[in-house]
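Make the full structure from the sequences, and use the hints.
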Amino acid sequence: EDQVTQSPEALRLQEGESSSLNCSYTVSGLRGLFWYRQDPGKGPEFLFTLYSAGEEKEKERLKATLTKKESFLHITAPKPEDSATYLCAVQAYDYKLSFGAGTTVTVRA
Amino acid sequence: DTAVSQTPKYLVTQMGNDKSIKCEQNLGHDTMYWYKQDSKKFLKIMFSYNNKELIINETVPNRFSPKSPDKAHLNLHINSLELGDSAVYFCASSPGLADTQYFGPGTRLTVL
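So the protein sequences, as listed, match chains W and V.
Residue numbers for the first sequence follow the numbering used here, beginning at 61 and rising by one.
Residue numbers for the second sequence follow the numbering used here, beginning at 59 and rising by one.
A portion of the hints provided could be inaccurate.
Claimed, not checked - Simulated restraints on C-beta separations:
| id | chain 1 | residue 1 | chain 2 | residue 2 | range |
| --- | --- | --- | --- | --- | --- |
| 1 | V | D157 | W | S67 | 19 to 29 Å |
| 2 | W | E115 | V | D76 | 44 to 54 Å |
| 3 | V | A130 | W | K102 | 17 to 27 Å |
| 4 | V | A130 | W | N82 | 31 to 41 Å |
| 5 | V | N75 | W | R168 | 41 to 51 Å |
| 6 | V | T71 | W | S112 | 41 to 51 Å |
| 7 | W | Y153 | V | L112 | 11 to 21 Å |
| 8 | W | E115 | V | L112 | 25 to 35 Å |
Hints are computed from structural coordinates only; laboratory data are not their basis.
C-beta: ideal position from N, C-alpha, C; glycine also.
Structure follows, in structure tokens:
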């Protein structure tokens with residue numbers, strides 16, 4: 061069975077304090093790895109898709125990287141508006157998307 | 059202009075009742091999904107439809123029945139509601155099965 065484990069569960073940062081979130085996975089054939097952001101009471105919002113080891117994608121203060129066993133979401137100089145739960149998901153060859161439990165990031169001003 | 063919309067946003071009902079949640083997408087996508095997010099925040103796939111055809115049907119009780127009247131709509135009907143059905147249900151859509159999924163705002167179902 062496909063498994064996605066995210067760490068840490070929660071992360072409290074001071075504004076400007078860069079950090080990384082980890083997503084480790086086991087999947088029977090990776091079709092793609094997805095990062096989403098979820099704000100309280102809202103649906104997940106798409107951030108990135110990564111398809112192969114070594115791939116990197118950036119958007120504003122966020123950068124996602126992928127290896128054969130894990131992905132990292134780097135948050136550079138975060139701002140309070142970056143506070144959210146970040147979800148990682150892997151899509152296997154059967155097209156099913158398996159989500160991790162998420163990392164809840166709180167950025168204090 | 060809402061891309062994926064769900065109604066209602068909140069649903070409070072008694073055990074044993076039957077209820078429906080509606081989902082519509084105006085993105086022109088071929089594939090739609092239902093997910094359940096429990097209190098531990100795990101998102102789990104329930105169903106997937108591609109061009110109105112059921113593609114993914116996870117181990118969900120028979121009390122849950124999806125219906126896709128057309129490519130833009132995927133409704134979820136739940137019979138004989140139980141306490142354990144309380145959760146947030148998300149609809150999503152994607153251009154195709156292998157593509158990025160876009161989620162609706164969710165429907166919080168509370169069964170009393």
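Results of checking the hints against the structure:
1. D157(V) <-> S67(W): 19 to 29 Å: 28 Å, holds
2. E115(W) <-> D76(V): 44 to 54 Å: Hint holds: Cβ distance 46 Å, inside 44 to 54 Å.
3. A130(V) <-> K102(W): 17 to 27 Å: Given about 22 Å between the Cβ atoms, the range holds.
4. A130(V) <-> N82(W): 31 to 41 Å: 38 Å, holds
5. N75(V) <-> R168(W): 41 to 51 Å: 43 Å, holds
6. T71(V) <-> S112(W): 41 to 51 Å: At roughly 46 Å between Cβ atoms, S112(W) and T71(V) fall inside 41 to 51 Å, so the hint holds.
7. Y153(W) <-> L112(V): 11 to 21 Å: Hint holds: Cβ distance 19 Å, inside 11 to 21 Å.
8. E115(W) <-> L112(V): 25 to 35 Å: 32 Å, holds
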